[in-house]
Structure formats: structure tokens, C-alpha cells
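J.: Residues per chain, in single letters:
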Amino acid sequence: EADIYQTPRYLVIGTGKKITLECSQTMGHDKMYWYQQDPGMELHLIHYSYGVNSTEKGDLSSESTVSRIRTEHFPLTLESARPSHTSQYLCASSEFGGTTNEKLFFGSGTQLSVL
Amino acid sequence: AQRVTQPEKLLSVFKGAPVELKCNYSYSGSPELFWYVQYSRQRLQLLLRHISRESIKGFTADLNKGETSFHLKKPFAQEEDSAMYYCALRRPGGYQKVTFGTGTKLQVIP
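Top line first, the protein sequences correspond to chains P and B. If you count the first sequence from 1, position 27 lands on 1035 in our numbering, and the numbers rise without skipping. If you count the second sequence from 1, position 2 lands on 14 in our numbering, and the numbers rise without skipping.
Simulated from the structure, these hints should not be mistaken for lab results. Nothing false has been slipped in among the hints.
Covered stretches of chain B, as calculated for chain P (at least 3 residues, CB under 8 Å):
1) 50-64
2) 111-120
Which chain B residues face chain P? A few, computed with CB under 8 Å, are given here:
3) Glu44
4) Tyr98
5) Arg102
6) Tyr107
Only a predicted model underlies this, so the values are computations on that prediction, with no experimental measurement involved. Every residue, glycine too, gets a C-beta built ideally from N, C-alpha and C.
Taking the hints into account, I'd like the entire structure generated from these sequences.
T.: The following block contains the structure:
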């Protein structure tokens, strides 16, 4: 079934560890996004991509990095996690091609807790 | 820069009462505007988009370019409408990102 998947669903990790949050979609979408969201709070765009080998920084400065080597895969990496990185991370995808009326499809999110 | 403002963090209404969730934007052109909703323990999902002029689950939203607003309305609130609502904006064209507002939590009181 075409969908967007995020793993892990929950992650508790110690300070200084390197982590990678996975995001994959099977909908054939070109555009992918990473948003950071605290519970019941606003969404902050941290990274986005228009397609393979395309990555852009979003509105909120983030110490994380992303890569887009394959269309379906858009992982987010933190080289050295800190408690300030504790948050929910949402991945989304949409069709591209100069389309208007863009509809985003969201994953279930990864809740990251850094101790 | 594009910006979306939702002035209310929390809106509480009684069941059957009208609902209006406010959204204002800053963009000089003709934006694409959306409302997304996140129910408890569910994914964020698209509710409606202004270009479609649709009514979804009884909700409608009208774009007012003069006031740069895109308020979400429903004449009679239901308990199942309780959720987090986000207004979003996108500039027209292909290479554009989607920016979200701060969100409003709607609480419908039985």
C-alpha cells in the first residue's frame, strides 16, 4: 500500500550519540519535507527536498542534516544529540512537477527524547 | 518572506455552537492556502484547500485577500471536531515550500 513510513516511532537516547531518523515513501513523490513539532505546538520546517540530490534548509535553523540519494528515502541525521533536540519529527511528501494545490502526506512521526 | 499567523492557541466552544478558527498570512501575491488537522493519536492530514472551494466535514474557509485572511468556519461544532488545526501557505509555482502556522487547538465541550 502506498504510504509514508517513519522509523523509529519512539527513540530515547543519551547525549552525544549519533542518530538517524528514517523516512521512506512508496507513493512516488518527488518532494519531501522534515518538520519539527513540539506537542500541541507549531510545526517548524527544518529541511526539504525537490528530488534526488536536492536538499534545502527550512525556516528553522537545525543542527541536523539530510540526504536524498533515492527518491523514496529522506533520512535525517543528528551527529551529536543534545537534550535541546528532544521533539517530534514529522516527515511529509508530495507530488512535484510545478503542481499547484500541493497536498502533503505526513508520516506518523518520530518522538525523540535525548537524556 | 511568507508567514502564517494563528492568533489563538486554544479555542473552546460548546457542542452545536459556531466555530471560527482564525488564520492570517503575509504574502503580497496570490498564495495557495490550506487547512490541516491533527486528531488525537492520528497523523496530520489535509482538511481543505482554498482553490477547491470545498466543504469538508462541514468546514469551509474563505480567502479574503483584502484582510489577508483564511479563516476556517463551521456552523455547528461536533465533539469529533476536537483536534489541532493548522493553517498553511504556499507560494504558487513549482519550487516552493509549505509553511505552517502555529496551530489552534479546538476543544468542543459536550
